[in-house]
Amino acid sequence: MKMKREFFSHEREKTFDFQEIRKKIQSIVEARCRECNVQIQELQMASRRKQVAAVRAGIAWQLVNELGVSLREVAYHLGVSSSAISKMLNKKSLQSVETD
Numbered sequence: 705m706k707m708k709r710e711f712f713s714h715e716r717e718k719t720f721d722f723q724e725i726r727k728k729i730q731s732i733v734e735a736r737c738r739e740c741n742v743q744i745q746e747l748q749m750a751s752r753r754k755q756v757a758a759v760r761a762g763i764a765w766q767l768v769n770e771l772g773v774s775l776r777e778v779a780y781h782l783g784v785s786s787s788a789i790s791k792m793l794n795k796k797s798l799q800s801v802e803t804d
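Everything in the sequence shown is counted per my numbering, starting at 705 for the first residue and increasing by one.
No lab work stands behind these hints: they were computed from the structure.
Glycine included, each C-beta is placed from N, C-alpha and C at the ideal position.
The reader is advised that the hints may include incorrect statements.
Said to hold, decoys possible - Quick list of simulated restraints, FRET-style, between CB atoms:
#1 F722 with G783: 14 to 22 Å
#2 A758 with S731: 30 to 38 Å
#3 K754 with D721: 32 to 40 Å
#4 K727 with K754: 26 to 34 Å
#5 S785 with I744: 15 to 23 Å
#6 Q723 with K795: 30 to 38 Å
#7 S785 with R726: 13 to 21 Å
#8 F722 with R752: 25 to 33 Å
#9 D721 with A757: 26 to 34 Å
#10 G762 with I725: 15 to 23 Å
#11 N741 with D721: 29 to 37 Å
#12 D721 with R753: 14 to 22 Å
#13 C740 with L771: 26 to 34 Å
Please work from the sequences and hints to get the whole structure.
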């Protein structure tokens, strides 16, 4: 019985960390949208407007490369597919290589 309690307390810690990460992601998304004058709803509707796409790519890069967030989680918060996030990151890394 003791092992079971330890298991559940460990699971609660994992859940708490996950919730904290989600809060941090949301605050980053909100801050970047405010800075760039883009509505969060527009970002999450998969708008293809150039400014919105650039903001989305910047957020995706920051979340994946600085925080280590999974593509799936980033996609969930930005309203696009994991594949779209992967393509954004590849395109962004190619652009940075070309400018070097």
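Going down the list of hints, with the structure as the test:
1. F722 with G783: 14 to 22 Å: holds (20 Å)
2. A758 with S731: 30 to 38 Å: Between A758 and S731, where Cβ atoms are some 20 Å apart, the hint is violated.
3. K754 with D721: 32 to 40 Å: At 36 Å between Cβs, range holds.
4. K727 with K754: 26 to 34 Å: holds (29 Å)
5. S785 with I744: 15 to 23 Å: holds (18 Å)
6. Q723 with K795: 30 to 38 Å: holds (31 Å)
7. S785 with R726: 13 to 21 Å: Between S785 and R726, where Cβ atoms are some 19 Å apart, the hint holds.
8. F722 with R752: 25 to 33 Å: holds (31 Å)
9. D721 with A757: 26 to 34 Å: holds (31 Å)
10. G762 with I725: 15 to 23 Å: Once the Cβ atoms are compared, 19 Å apart, the range 15 to 23 Å for I725 and G762 holds.
11. N741 with D721: 29 to 37 Å: Distance hint for N741, D721 holds at roughly 32 Å.
12. D721 with R753: 14 to 22 Å: For D721 and R753 the Cβ distance comes to about 35 Å; the hint is violated.
13. C740 with L771: 26 to 34 Å: violated (19 Å)
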